[in-house]
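With chain A held as given, fit chain B onto it using these hints.
There are 2 protein chains.
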Amino acid sequence: MSQAIINDSEVDIVISVLNSDLRPFLNEWKTIFSRFHLIIVKDPDLKEELQIPEGFLADIYTKSDIERVLGSSTSVLFSGYSCRYFGILVSRKKYVVCIDDDCVPAKDSAGNLIDAVAQHIVNLTTPATPFFFNTLYDPYRKGADFVRGYPFSLRSGVDCALSCGLWLNLADHDAPTQALKPGQRNMRYVDAVLTVPMRTMMPVSGINIAFNREAVGPALVPALRLAGEGKFRWETVEDIWCGMCVKVICDHLGLGVKSGLPYVWRNERGNAIDSLKKEWEGVKLMEEVVPFFQSVRLPQSATTAEDCVIEMAKIVKEQLGKVDPMFSQAAETMVEWVKIWKAVKSG
Amino acid sequence: MSQAIINDSEVDIVISVLNSDLRPFLNEWKTIFSRFHLIIVKDPDLKEELQIPEGFLADIYTKSDIERVLGSSTSVLFSGYSCRYFGILVSRKKYVVCIDDDCVPAKDSAGNLIDAVAQHIVNLTTPATPFFFNTLYDPYRKGADFVRGYPFSLRSGVDCALSCGLWLNLADHDAPTQALKPGQRNMRYVDAVLTVPMRTMMPVSGINIAFNREAVGPALVPALRLAGEGKFRWETVEDIWCGMCVKVICDHLGLGVKSGLPYVWRNERGNAIDSLKKEWEGVKLMEEVVPFFQSVRLPQSATTAEDCVIEMAKIVKEQLGKVDPMFSQAAETMVEWVKIWKAVKSG
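In order, the protein sequences belong to chains A and B. Here numbering that gives the first Met the number 0 is used: the first residue of the first sequence is 0, the next is one more, and so on. Here numbering that gives the first Met the number 0 is used: the first residue of the second sequence is 0, the next is one more, and so on.
Only chain A is shown next, with the shape it has when bound in the complex (with noise of 0.2 Å):
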C-alpha cells in the first residue's frame, strides 16, 4: 500500500451498532480505530446499554439524539443500519469511514493485519482515473503506472469521493444466493484497486466504504427502505441504492469512485433461509432501480451534492414513483434529507 499523510483529525469512523455489546469488535480493531474519532449511533430499536471498551476517543448518540435533530421531520428514518447515516449527518470531518459491527480486520495473503482505515484514506487521497480504464489497475500504487496507449492528458486524473472496500470470508451476497449457498466462503484476497468507469454502475455495499464528506457527504442517504426491512445486510437494500445516487452524482460532478482494498473479515451472522421472503422485495425492485440509475442524467445547473439529490428526487418520483410507491418514499426522503442536512450544517 501507498503511504497517505493523514490527519487523524481529518477522519471520523461512524459505527452503527445493533448489538448493544461492541467489546468484542472494538478490541478487534484497536490498534486501528484508537487514532481516530469515533462517531457510534445506536439503533432506536436497541433498548440495552451500550458496553464499550476503554481506549477509545468516541462520541455516542442515541434515539433522543436522532429525535432532536429530526424534530418533525418524519420521512427519514434512522433504524437498523440506517442509524449510521445519523453519524454522516452530524460528523464534521472531511473524511468519513463506515465499517459494519460484524466485520473485523482481515489479513493479506502474507499473512499481515490489513490497516483498512489508511487503505481507505489512501484510495481517497490518491486520483481516480474514471475516463479510460487502466489494465494493470491503479496507477498512483507504487510499482505502478499508467500502462500503454493510456493518453497522456488524463493521467492526472480526478479527485476520488468514494471508496469501496470488500469483504473476506462472508461475502455479501443476498438472501437467496446465501440460502443457495450457505458453505460458500470468499477467500480469496485480490490485491487491487480500481476507479469504477463512468458511467458504470455497481452494488456498493455499506458493510465497508469511506468517503469524502466535503463532497459527497449529502449523497449518503438512507432513502430506500423496504417495508420488511430487517436487521440482516441482505435484508436491506439502502446501501444500494446509496451507492448508485453517490455513483451518478460523481459521474455527473466529475469524482472518482474506487473498489477493491481494502478487505474486512466479516463473520456469520443471521439465517439466510429466515430472511429470504424480505430480501426476495429488494432483489425485486433493482430490476427498476438498476435500469433507473444507468439512464438518468442530472441537469448542468445542479453543482453541488445538495443540488444533484434534490435534483434526483424530482427524476426518482418522476420515473419511478409510478412502478412502486416505495419510490416515491424514496424520492421524499432524500429532499428531506437536504433539509435536515443543510439545517445540521448551518448549525
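Just so you know, these hints were derived from the structure itself, not from any lab. Even glycine gets a Cβ: it sits at the ideal position worked out from N, Cα and C. Treat each hint with caution, since some may be false.
Computed from the model, here is a short list of chain B residues facing chain A with C-beta under 7 Å [said to hold, decoys possible]: (1) Leu-56; (2) Asp-144; (3) Asp-190; (4) Pro-196.
Simulated crosslink set (DSS-like; lysine-lysine; CA at most 27 Å straight-line) [said to hold, decoys possible]: (5) Lys-106/A - Lys-106/B; (6) Lys-283/B - Lys-141/A; (7) Lys-180/B - Lys-141/A; (8) Lys-341/B - Lys-283/B; (9) Lys-141/B - Lys-283/A.
Chain B only, in chain A's frame:
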C-alpha cells in the same frame, strides 16, 4: 481457475516472429503449446531461416505466402508485429490465442506455472457481464458469485469475445514511461478477471490476448501504422487501435471483453530511450484516438463484425481523416482488410 472443456482442435496459437531463433521461446511454452496447432508468421523483413524445435504441430507462413494472399492489394501491411494479423486471417479455428515471442509462462503467487491458454479459454467460454459491475470480480469463477444488489435479469451475462491477459516483470509501458522508470517492474500478481464495462475504453495490448475468431475475428485489424514504426512493442500502436475497434464492436454487438488473468512473464528487450522518438508520435495520436472511440456509435444496420469494421472505417475517415493522414490510411486499410478477410474465408 475454473475448468473449461477445451476442444484442442478449436484453438490456434498465433505467433508473430521477429527473431529467427524460436527455440528458447517454444521450449519454455512446450507443456502448454504442444497440444495445440500453431500458426507461426515470419515478419517479412526477417531474412534468417527460422529455428523451431521438434514436438510442435505448426504451420509456418512467410513473405511469399503473404504476397500470394494479398495479390495486388497494397494497403494492408503485415510487417513487424502486424505479421500476426496474417495468422489471424488464415486461421480456421473458433478461438485464437496470440502471445508475443518475448514472453514466457509466468507463475502464480503459489509458484505454479500458469497455463495461459487454458485461462484464456475459460475467459472466452464463460459469460461476461458488461452492463453492471460485480465488485467481487468474475462471478462465474469457482467460489465466486454475484454481489447483493446485482439484478437477477443480468446474471446470465453475454458471450465473451475478447480476453486480454496481463504481464509480469516488464509491464507494457510506453517508451517515455520506460525511459523515465527504467528499473520499474510489475511484480504484483492480481488474482482476478473482470469484464470491462460497456462503453469503457481501455488500452488493449496485443502481447497476450485471445478472442473468438468466429465472432470478432475481422475486427482484429492491423490498421493504424506509425510512419516511423519500430520493432519493439513500445514503438507500435497497431494493437491499441485494434483493441478499441474490437471493444466498440463488442459493445455494439452485445459481446463482452475481459481483462486480467492470465499473466505472462515478459522479458526485457530494447532500449526505451532509443525508441522515444518513434513512440512519441503514437503517444500524441492517442489524444485524438481515445475521444474518438469513446464517442463513436455504429448504425443498427451493422450486425456482423465485418459490417462494423466497414462502418467504423467510414466514420474514421470522416472524423479523424482531417486530423492526420495516418487515420485516412487506417480507414482504407480497414476496408481492404474486410475484402481480404471475405476472400480468404470464401476459399
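Here is how each hint holds up against the structure:
With a cut of 7 Å, the hint placing Leu-56/B at the interface with chain A is violated, because the nearest CB-to-CB distance is about 31 Å. This hint holds: Asp-144/B has a C-beta 5 Å from the nearest C-beta of chain A, less than the 7 Å allowed. At its closest, the beta carbon of Asp-190/B sits 6 Å from a beta carbon of chain A; the interface hint therefore holds under the 7 Å criterion. At about 4 Å, the closest approach between the beta carbon of Pro-196/B and any beta carbon in chain A falls short of 7 Å, and the interface hint on this residue holds.
Pair hint Lys-106/A plus Lys-106/B holds up; C-alpha atoms about 23 Å apart against a cutoff of 27 Å. The hinted pair formed by Lys-283/B and Lys-141/A meets the criterion: a straight-line CA distance of about 26 Å does not exceed 27 Å. Between Lys-180/B and Lys-141/A the alpha-carbon distance is near 12 Å, which keeps this suggested pair within the 27 Å criterion. For the hint pairing Lys-341/B with Lys-283/B, the CA-to-CA distance comes to about 33 Å; that exceeds 27 Å, so the pair is violated.
Proximity of Lys-141/B to Lys-283/A is assessed by CA-CA distance (about 26 Å); at most 27 Å being required, the pair is judged to hold.
Of the numbered hints listed earlier, those contradicted by the structure are 1, 8.
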